[in-house]
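Novice: The residues making up each chain are set out below.
Number of protein chains: 4
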Amino acid sequence: MHATVSPAAETLSVRPASSQDLLLFFCSVRQQTETLCLPLTPEDMMVQSCPEASPVKWHLAHTTWFFETFVLTPYLEGYRPFHPDFVWLFNSYYNSVSDQPLKKLRACFSRPSLEEIRAYRHHVDAAVERLLESSAHPEAVRRITIGVHHEQQHQELLAYDVKNAFWVNPLHAAYRSEPLAVATEAPPVRWIDFPGGLVEIGHRGEGFSFDNERPRHRHYLEPYTLASRLVTCGEYLDFMRDGGYQRPELWLSEGWETVKAQQWSAPLYWFHGDDGEWQLFTLAGAMPLAAMLATPVCHVSYFEADAFARWAGKRLPTEQEWEAAAETIPEPATGNFLESGELHPMPASSGAGLQQMYGDLWEWTASAYLGYPGFAAEPGALGEYNGKFMCNQMVLRGGSAVTPASHIRSTYRNFFSPDTRWQFAGLRLANR
Amino acid sequence: MHATVSPAAETLSVRPASSQDLLLFFCSVRQQTETLCLPLTPEDMMVQSCPEASPVKWHLAHTTWFFETFVLTPYLEGYRPFHPDFVWLFNSYYNSVSDQPLKKLRACFSRPSLEEIRAYRHHVDAAVERLLESSAHPEAVRRITIGVHHEQQHQELLAYDVKNAFWVNPLHAAYRSEPLAVATEAPPVRWIDFPGGLVEIGHRGEGFSFDNERPRHRHYLEPYTLASRLVTCGEYLDFMRDGGYQRPELWLSEGWETVKAQQWSAPLYWFHGDDGEWQLFTLAGAMPLAAMLATPVCHVSYFEADAFARWAGKRLPTEQEWEAAAETIPEPATGNFLESGELHPMPASSGAGLQQMYGDLWEWTASAYLGYPGFAAEPGALGEYNGKFMCNQMVLRGGSAVTPASHIRSTYRNFFSPDTRWQFAGLRLANR
Amino acid sequence: MHATVSPAAETLSVRPASSQDLLLFFCSVRQQTETLCLPLTPEDMMVQSCPEASPVKWHLAHTTWFFETFVLTPYLEGYRPFHPDFVWLFNSYYNSVSDQPLKKLRACFSRPSLEEIRAYRHHVDAAVERLLESSAHPEAVRRITIGVHHEQQHQELLAYDVKNAFWVNPLHAAYRSEPLAVATEAPPVRWIDFPGGLVEIGHRGEGFSFDNERPRHRHYLEPYTLASRLVTCGEYLDFMRDGGYQRPELWLSEGWETVKAQQWSAPLYWFHGDDGEWQLFTLAGAMPLAAMLATPVCHVSYFEADAFARWAGKRLPTEQEWEAAAETIPEPATGNFLESGELHPMPASSGAGLQQMYGDLWEWTASAYLGYPGFAAEPGALGEYNGKFMCNQMVLRGGSAVTPASHIRSTYRNFFSPDTRWQFAGLRLANR
Amino acid sequence: MHATVSPAAETLSVRPASSQDLLLFFCSVRQQTETLCLPLTPEDMMVQSCPEASPVKWHLAHTTWFFETFVLTPYLEGYRPFHPDFVWLFNSYYNSVSDQPLKKLRACFSRPSLEEIRAYRHHVDAAVERLLESSAHPEAVRRITIGVHHEQQHQELLAYDVKNAFWVNPLHAAYRSEPLAVATEAPPVRWIDFPGGLVEIGHRGEGFSFDNERPRHRHYLEPYTLASRLVTCGEYLDFMRDGGYQRPELWLSEGWETVKAQQWSAPLYWFHGDDGEWQLFTLAGAMPLAAMLATPVCHVSYFEADAFARWAGKRLPTEQEWEAAAETIPEPATGNFLESGELHPMPASSGAGLQQMYGDLWEWTASAYLGYPGFAAEPGALGEYNGKFMCNQMVLRGGSAVTPASHIRSTYRNFFSPDTRWQFAGLRLANR
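Residue numbers (the UniProt record's numbering), protein chains in the order written: chain A, 1 to 432; chain B, 1 to 432; chain C, 1 to 432; chain D, 1 to 432.
Extracted from the complex, chain A is given alone in its bound form (with noise of 0.2 Å):
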């Protein structure tokens, strides 16, 4: 079972303009992260297979956690924690809060239960509904709008995990029980030009935007091209074929020392069959990469995106670049997203214009992450969530096959450190 959401949710528009809808927005948010454990047994759940990874467990406390610990202790009147010790059991990084479990830990507590996180989550979803029923202190809505931006990105995260605890056990189990639909041609690239200039870049300040979005601001541009879509596995296997993890100076420094070090000769998930041909491992279990040639290059790290575009002669676009262009799609921007149920990347329709800017995958940019000039970090405990992270970490923009779709924007800056595969990304490319 894997349709895990309603139609309705697939374009960029929805987001919550009264408290009455930002309750509708919570509880289908809410709903939508337990519909995500539906394939999953209480022993998966406990998984925490890379250093990346949180088992689902705790994503389930914490996302929990996060309403508690922000919204329901400071602006409900008499709301008592669950929990006494879930105050600091759950909190993952805020150090202005309470002091953290080491984060390898998470998958030592089988206790709590499942039993009893479900409990904790229906605690809290009930006093949310309650604070929201009533006339909520702006800042409590405020907060509680985060959490659920915060919820999607957990849900995100939930399905990196799930597929790397999958993938690292060797049975290789499915999370999603139908198998992929098979894809071996994409349309050729074509280059579109911008004309780049003074642009405005950030969000422009109605519906929600992390911290990190603001405030927008003036960046001058000099005249750019896109590719029309994203780099495909067949390319892929191209640069491979021509010798692409052997030959240093196609590579970062840091990046080279990291395929040595870390014997990587394919991207993540790639392996050899027993027929010794290359497989695909998926959410829905393996595919041979024959069949998925046409597929979008998935869980490649920032120095094999940027390795692949010097070989190509190309280069990454910055997040301006990036970001500019996305503006020029008209509303609403629709894209292969979680509620699609297709949990991979597609191959790109063969239509005009820019191809799969938001959703199937993340697109690394050349872009360090970095705030904005004006930069201003959330007042208090949520100033932690974004700000402290703006080192060693490249942007990446437009959302994948696992984000829900309400969770993304033109604006929207992701971010991972450049050595990390185990996320959806992929890269686009920028010609020079």
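Do not rely on the hints blindly, as some may be mistaken.
Copies of the same chain look alike in the list, so a pair counts if it works inside one copy or between any two.
As the list claims (entries may be wrong) - Computed list of lysine to any residue pairs in SDA-like fashion (alpha-carbon distance at most 20 Å, straight line):
| id | residue 1 | residue 2 |
| --- | --- | --- |
| 1 | Lys-104 | Gln-20 |
| 2 | Lys-104 | Ala-326 |
| 3 | Lys-104 | Glu-254 |
| 4 | Lys-260 | Pro-84 |
| 5 | Lys-104 | Thr-258 |
| 6 | Lys-104 | Val-168 |
| 7 | Lys-260 | Val-141 |
| 8 | Lys-314 | Ser-349 |
| 9 | Lys-314 | Gly-78 |
| 10 | Lys-260 | Asn-91 |
| 11 | Lys-104 | Gly-374 |
| 12 | Lys-314 | Leu-370 |
| 13 | Lys-260 | Leu-102 |
Treat the hints as calculated values from the structure; they're not laboratory data.
In this text the structure is predicted, and so the values were computed from the model without any measurement.
With the hints as your guide, set chains B, C and D onto chain A.
Specialist: Just chains B, C and D now, kept in the frame of chain A:
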């Protein structure tokens, strides 16, 4: 509910003499493993909280794999493995059989589910019973016997691993529901002389033994003196208060490096409660140290045992001294084993003679774990059982409060690396 | 003996315009390297005291290797390499040229001896001089120019590495024989406004520049304000006394992890003297911090610079803000460079306008080190010089007290990983 | 120049009987150390190329420190330490004396210079001579004797460390100027029987011994059989060609982990020459393996020695078996020691009886390094000399081609961790 086995099994004498006896032994040990799991949830059985440990679910599967691999496949005609992947998935370290998954991956085996593992157990149980009810090949009988003792070893490991899992989880759950009795007074140590001379060491050949207990051979001992009982928490606290963990001259060089690197300042599972006083974490939950001063000090490494002995102006006995002394105890020897349900070492009784030689705690000896003169490993893959660990390990003797009573004997050689502490280990002094 | 060069070189203006000028520049820089070694013994030149450092003898050889590899072998007819093994032995990181020995092996190169390295230098010097005295190929001339600037970079690294070597040795030798002057009072900070707007960034093309300074391009800046001088030791001590190293909310996430892992509680080279008071270790030996409060705080990482700025309610400038401000300073810019012989940052003067922009200390900026729009690396192996490091590094500007004066310019981009401290780096604040 | 000592010292018998003899012994050993340094430059003496090694300059200083600390300061009235910092700077591991610099810092001690260290040596030499020429306290005499033997141990370590330093340097310099003689044929192995029984082990008490050789005690041995000579390179090559490094069943578990982690495929110092054939690096430079097949295989770990023995269907002898056999050799025993100037193990002679028991190579035994029954460490800080290493080490017997002849005896116990290979170690087989 923690009274886990029938009282009849509390002495050392119960060992199978016939095929029928073996079947009874097999069934009771297999059942015992399941009984030990009663206080645990499926999620508890997923946890692997330190490099030494394995998830309980893995123990359930691996002990079953042992029978399938070494008994059923070669000796039960027409036997089909329960699942083709289990053949290597639950191999621990037998390179001659197959490759194995990395040990740390065991925490990622959410699949197969606990239910499947239980079905695996029943499938294998039925097949072994079938085999034993017919006239089984003598080698099959011999291997089933090894397999039952192997499973008893994993019962003990299961207790270590659950204790560590519940310790690492900040909620500090208790495995045993009733708290431990207060124990603050131990009888004074008496020093008991042994004449030494040319003694015989090793298993006589009647009943079961592991290859590492053989062959029986002569060994010359100078006269020696042993303490009548184990070192207590109270005595160990004196060592700590005398700067035991701050004085390099008391430690082996590698021990001192470990103290500094691991920042050891007390045995494992000692911690400061909210009142600032020492607490002990046990399988029955936390207890104030003040209430446990008469119990043997537990979860010390060889390095700590050795440093304590040096501080006390004594030494640890050799394994030959221990064995020669143990052989003076009239049979049937009794002790505080798994079946007592205490799951923790208890104070010595005030009787005459050697106390606590069996049960309570494994006793670190001054002997490195090496092959006896003329040692020959089991033939085939079972030769990997013991022999390949004969390096950088120290011998422990006598069993512990989580050792099944029918598993131990005077010639039994346990072994651990000198820096390990998660096992139930303590020490008895010898006089210089 | 530390007066290492002629006073004439203390301004930024000295750059070669002709082949004859280049020969003079080449000779003076090559001589300067040797002069810097005068206070060192052959044994001193063997030390490699941290992963960032290289032995001085290696610097002597590698800078020579650069000329031999990139200039003499391709452009001097009939040139024979001094020694066939040196071709790869002294390669630093140019994968396109050859494999390289692991960096940490450099400390094992007792052979070739210092005398052989000196002979190597003279052999190469004579050949370069021969080449420049004839009509050298323009590309050879261009590469010699790069090689001279390359050697100046290694002069600076040599100073870092000697300082660290003398620091790590418990005898704490001084490189400079005369002690530093006492400096306890600095002029108050003034805040200087800049209009921003659409500015031009990058090298204009006259005179030498590295590829990473090009191409000159437009960049939009909001109006901004810079501090007139660097942050002092006294000001940094206030940060420390206000719990700077104990308050996670002041730090980037990765910075805070580093503080804990490295147990940082002060800048590098601060230590407690026998009297319990802070001391600074300098190239002129140890000084009481109390005597140095007005000097700029030195040997801080990006993480510390960023945390200090957050504590102060300010921020670090971007590299574009820095460069646009630097271009307002009338030429010839002066500063406390290597040639002053101080070998340590000195207090700011009380003059109007920006102080300490050049020399004293490299200034951490808030900018990640990335390619400028339209950036193209040098062709061939020299393309590995800068471009392959454009990841996980931050930009520093302005040169330091151990930078040769003729090496620096307003567009010069230095870069280091945000956790490094052995370089001469400090910070200037920008106002939000 | 490698003829390092007078031929008279090539037997085991030279040991001091009087104060005058001791003075001569002291002077000759101190001189020997300096002679060993003749082929080295001051830069060579700075190198520390593996964690086991120390720079030669440090050996020169530390052996001197030993006399100053343990003899001169307590027993020579009015003695003043040469330099106040040397008291802790050159302490190796005596926690009872002072703290010590981290071992890896030794490579950073460019200061004090070699000249200062030489002056330190002369200062201490003169003081020890003064002390011995008067009527020295018996304890001073005893400690000088220990100090001389200590210095001989460091002479041997110096040879190990120089060999490794010259190996790690890609130039592969030779310490000994003359190449080794070709040696392709060894006499066949003969198997020599020993009766065993209740033997006496340990030092008799006449002449010098270390505390770990005492007390002499009884030990029971079954009858056993030893090979007449060491295993050769040719025989080891057979093991390699039979898949020795690819077959886990031949290895101890920890050995197999080490093989995989270190990617061992041959002994240390074996490498493939440009012609693809095996070469041996020796202190006399590289030699084709084909020319050395009859020499004993050298620089193998305990793990390799043990795996070879298992492959050969034999085993390693215990240290007691070795000692009891060695005592059957008529005195004065001779061998290929440091004084032969070969600096490498030579082929066995074809004589009757045990060959190569002394000199050539340290022989790994199957015995863990533990205290003998009744062992008592030296009192005071000298008690740290041996006793604190009695854990996770295996015993080696017999001395090597870089052991001074007067240093060895039948009861001498050397010990190393089972994974070390930089020492001159090989193996002799025992029959099961």
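Novice: Are the hints correct? Go through all of them and say.
Specialist: Structure-based check of each hint:
no. : hint              : result
1   : Lys-104 / Gln-20  : neither (39 Å within a copy, 48 Å between copies)
2   : Lys-104 / Ala-326 : neither (38 Å within a copy, 44 Å between copies)
3   : Lys-104 / Glu-254 : between (26 Å within a copy, 17 Å between copies)
4   : Lys-260 / Pro-84  : neither (47 Å within a copy, 27 Å between copies)
5   : Lys-104 / Thr-258 : between (23 Å within a copy, 18 Å between copies)
6   : Lys-104 / Val-168 : both (16 Å within a copy, 11 Å between copies)
7   : Lys-260 / Val-141 : neither (49 Å within a copy, 36 Å between copies)
8   : Lys-314 / Ser-349 : neither (22 Å within a copy, 48 Å between copies)
9   : Lys-314 / Gly-78  : neither (59 Å within a copy, 39 Å between copies)
10  : Lys-260 / Asn-91  : between (35 Å within a copy, 19 Å between copies)
11  : Lys-104 / Gly-374 : neither (36 Å within a copy, 43 Å between copies)
12  : Lys-314 / Leu-370 : between (24 Å within a copy, 16 Å between copies)
13  : Lys-260 / Leu-102 : between (29 Å within a copy, 14 Å between copies)
Checked against the numbered hints given earlier, the structure breaks hints 1, 2, 4, 7, 8, 9 and 11 and satisfies all the rest.
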